[in-house]
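Two chains, two separate frames, one set of hints: put the complex together.
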Amino acid sequence: MPQEPTENTTLGHASRWLGQLQGMGPVIGLVVLCVVGTLLNSNFATLDNITNVLTRTAFIGIIAVGMCFVIVSGGIDLSVGSMAALIAGSVILAMNQLAPVLGTPVGTVVMGMALALVLGAAFGLAHGLLITKGRIEPFIVTLGTLGIFRAYLTYFSNGGAITLDNELTDVYSPVYYGSVAGIPIPVWVFLAVALLGSVILNRTTFGRYVQAIGSNEQVARYAAVDVDRVKVLTYVLLGVCVGIATLLYVPRLGSASPTTGLLWELEAIAAVIVGGTALKGGAGTITGTVVGAVLLSVISNILNLTSIISVYLNAAVQGFVIIAVAFMQRSKR
Amino acid sequence: MKKITRRLALTAVAMAALGSAPSFAQNKVVLGVSIPAATHSFMAGVVFWANQAKAELEKANPGLEVIVKTASGSPEQANQLQDLLTVNKINALVVLPFESAALTKPVAQLKGKGVYVTVVDRGLTDTSAQDAYVAPNNTTFGEVPAAYIGKALGGKGNVVVLRGIASNVDNERNDAFNAGLKAFPGIKVLDAKYGNWNRDDAFKVMQDYLTRFPQIDAVWAADDDMSVGVLKAIDQAKRTDIKLVFGGAGAKGSIKTLMDGSDPRIQANVSYSPKFIYDAVKMTAEARLKGAKLPANTIIPSVLITKDTARNFYFPNSPF
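If you read the sequences in order, they're chains A and B.
Under the numbering used here, the first sequence has 29 at position 29, and the numbering climbs by one with no breaks.
Under the numbering used here, the second sequence has 90 at position 90, and the numbering climbs by one with no breaks.
Only chain B is shown next, with the shape it has when bound in the complex (with noise of 0.2 Å):
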């Protein structure tokens, strides 16, 4: 059966690529983007950044068209890129899977139609339905900090860890980070619970954290919307044991903290800037407008911020 499905839609890819070989020659380029909805920071930073592609590519390029759509949910999602291919009759797409099960079919669906897929950030399980794949470096974002956080305290210490949903990044994340941290065995992660990227949830977290352990040295809060309740929390505990608070991301209000050096417990943060999407669109678009294709894999990496380079980080238009 699947073997089946499988020829049928590499048939179908091979015929949609004669097909539409002659309109790549005119290099009228329709380019749909299907991101999630701003629900949170990082998703609104998301959607900044398509709109600021779209905005910069179709000036410069009279022969492109970018179309950005939104979607609260996977069905939702599912829906949008059927409408991007009958409707606005795209033939690349750059899409943020929702879900990676969910949205395998839907987006192979998409491909077998002879549109050019590049896939960012969340990969989907079967890689034969993408032509390329974008995405930022989770297993970095882990390391970074575990180097940064052993160096800082010496290589002896006491770490707790706020992990954010459960979810494959997270794991990816703390995997990594816990990996690092065996090149010191000096430091001990004294507990990992989960604060949900949100800002209230990593307030309660941590003052319990502090209730519960006298002697703390550094935070992984792993996310700057967390890193701002636990600062709170310690705040409002007059704690001074806690010496480094390492959020993660790079929002811009923790950019700017790091920039100013306004808190002495933010000395670094690690990239994971929503720009990826921004990337994404700008390499696909000029890639198709040649009709060139992709390298299969594209992985940014997350890269330390320190005070001197925050700079470079440091985006106050984006709403993350």
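In isolation and in its complexed conformation, chain A is listed as follows (with noise of 0.2 Å):
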């Protein structure tokens, strides 16, 4: 049944302030987390576990940010996690391959990180013109390249581990393990994406241009909104973001192998989803998606800081949280 507009200006005063409150929905379910694990573990509160959950955050957190221009547009991207796990391979190889070549470290290491964000940009842009030029769902590229990145993977590393050069990782293990201002350089460079995110998606034409093709395709191609590019770049600017995210993820082991990334597609879709986006695309902002990315990551640590639920429960914990915080937001839309 649909409702009756309500004219009543109190009631629209009221009906905006609970809209409001709706979407606190996840920042509300943050601090509920955070109290709850605190009270269950005092060192959950400790600046050392902050970082930690922050730092493990920075992955995922960056892929949701380019996930959320995507989402908004009214697409989907179902293949991150495998074409992060791509990258970092590919990466990995090149520059054990580079190494003896360049002869400096460092050098081989920026070469590196440069090639992860041209592959990201390279794979995003597949994406899009697959999608706008070759009107296919964006389900169904995604779905197809989920499968053709990770097994180029496997078949890269034969099932193995791909494993970084020792000289490489000691260079280049500080851009995960080093800090700055005592906060670790993941969660500065996460900040950055979001903040740079953020001012995109909600000050620059092309943020407004990405929200509207997104509640109402038509419309916006009648407005003169050249949709195909726009819809181009959003992918683009996904599989950039999946490069930094990359960038950030090898040093950290300095391998790669067929299991890396392994569902992070659902974790990242989650993350937007769970920060008030609507699936159907149209709104939704950076904010949320960055508290959405926290919040998924503070569920796990909690579970690893206490052992009063057993371990075969931990998917349903953060099931349940997830539906939880869901369910706060419900009739935003």
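It should be emphasised that the hints constitute simulated quantities derived from the structure, not laboratory data.
Computed from a predicted model, the values in this text were never measured in an experiment.
Lysine to aspartate or glutamate pairs mimicking EDC-like chemistry, simulated, CA-CA at most 16 Å apart:
id	chain 1	residue 1	chain 2	residue 2
1	B	238	A	48
2	B	307	B	260
3	B	111	B	126
4	B	28	B	58
5	A	133	A	228
6	B	256	A	165
Laid out in structure tokens, this is it:
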């Protein structure tokens, strides 16, 4: 039953206030979780634990920022986990090959990092072109590349692990383990990506076009928006985000294997949706996405810090929280 | 119902055995090897050793043909088993089932058609569907590290455990580990969480263990991939209380570290080599070429690997 539009101003105020409260769903969820975490284990609120959690969140968080653009424009990308794994593997292989040629480990690492971004952008461009010019559903295109990317990684690694040479690992590892002003580098990068993403989505023409296309593609077309170009750009943007996440991931373990990045796509999509973005597109916020990503990793952190819940039920707890948070903002759209 | 199908199957086996008897006289063996695809490094090792067995055995025995098929799931494996029978006309099979329950019937069907079946590693739910069973030992895989850690810590200390993926294999190992530690009442297992046999997950679980427990003496990482993540997490936290990290399965990287003595926390390992598939294929092929049978059960024990014996377990060409 369609509701009568409310003309009454007081009602309008009330509903706006309610809307804001619902938009706060993920933040409330996160605060509650943090309180619970502190009560369960006093180590939860320590600086070390908080930096651990935020550093871990950086990979998924950075990908989720890119994913937010794609979802707001009405698309989806299921391949990001496989893409990250393939980029990680390719970059490690390339760096191992380049090191003796270039002679300088630092130069090699810089080349590797650049390659990660280029590969990400190229994969994103391929997605975008297949979806717009090829007129294939994004779900199908990226389901296809999900398999393709992971299979190629498995092929390059012979099913085993691709490992970065020791000398290069030593040079590269500060990118993950180092910190500036007491805050780990991945967290800084995550912050920068989130801020930039927020500015692009809310303060630029491109960002407004993305939202317009997601809410009504036909109308956007009539309004002379170059829909195809904007869509391709959202996938390229996501690809670059995956590239950034990968160049932070490689120095952590210095290796890539067929299990790298498994299910990252679902975590990234969950972070975006838990953060209040509608899966059908049109509206969403980067802040919400960041909160969503942090919320997801806080859950597994709390589960690791306690043993009150059977380890068999870890995934269930995550599921309950996701549904509860989504419930809090159910009537937003 | 079940009785009838079993009787039918038995009759079929008997008839097939009679029918195929002359073909054994020619000693031509077509052996199918059906294994999971190389989706992680251990299975990559299995695939490597299966192909190694094919190359060596076919060269040595002109009357032998080995066909290796890898499957990425139970349904695919069941289809491949049918193809092996109808297309490749195999008369012997070495199978590492993806899942025990799901593949029991498909394997039983092949045995019913007269194929000699050797099941490897994961047992079927109905052992009448197989002729022989060859498996590494998951119980000793848990007992060996328990005994080693117990002794190394002098019978006293705190241990954290990383488990694999919730499965029979993992339960067996974990139960054996806990049973083995009963001999050392002074050793306390602080917690056991799943690291999914995965470097990244092990890294996160270990980080949280380090946050949670101020004093950890030893880690049973239970797998060499997981020990990679564990060591990185310890390094990052700059913790020096952990004296021992015990992996498992003998991946080439960890064996190299042990051989070179390059990390004082890696002092021993326990064997669980994917080479068992090589042994199973070789045993089955050689027995069938002579028309002989294998013992019903062959268990390859998991043994302690130390710095001195590491050389015998180092296979640099294998992906694992």
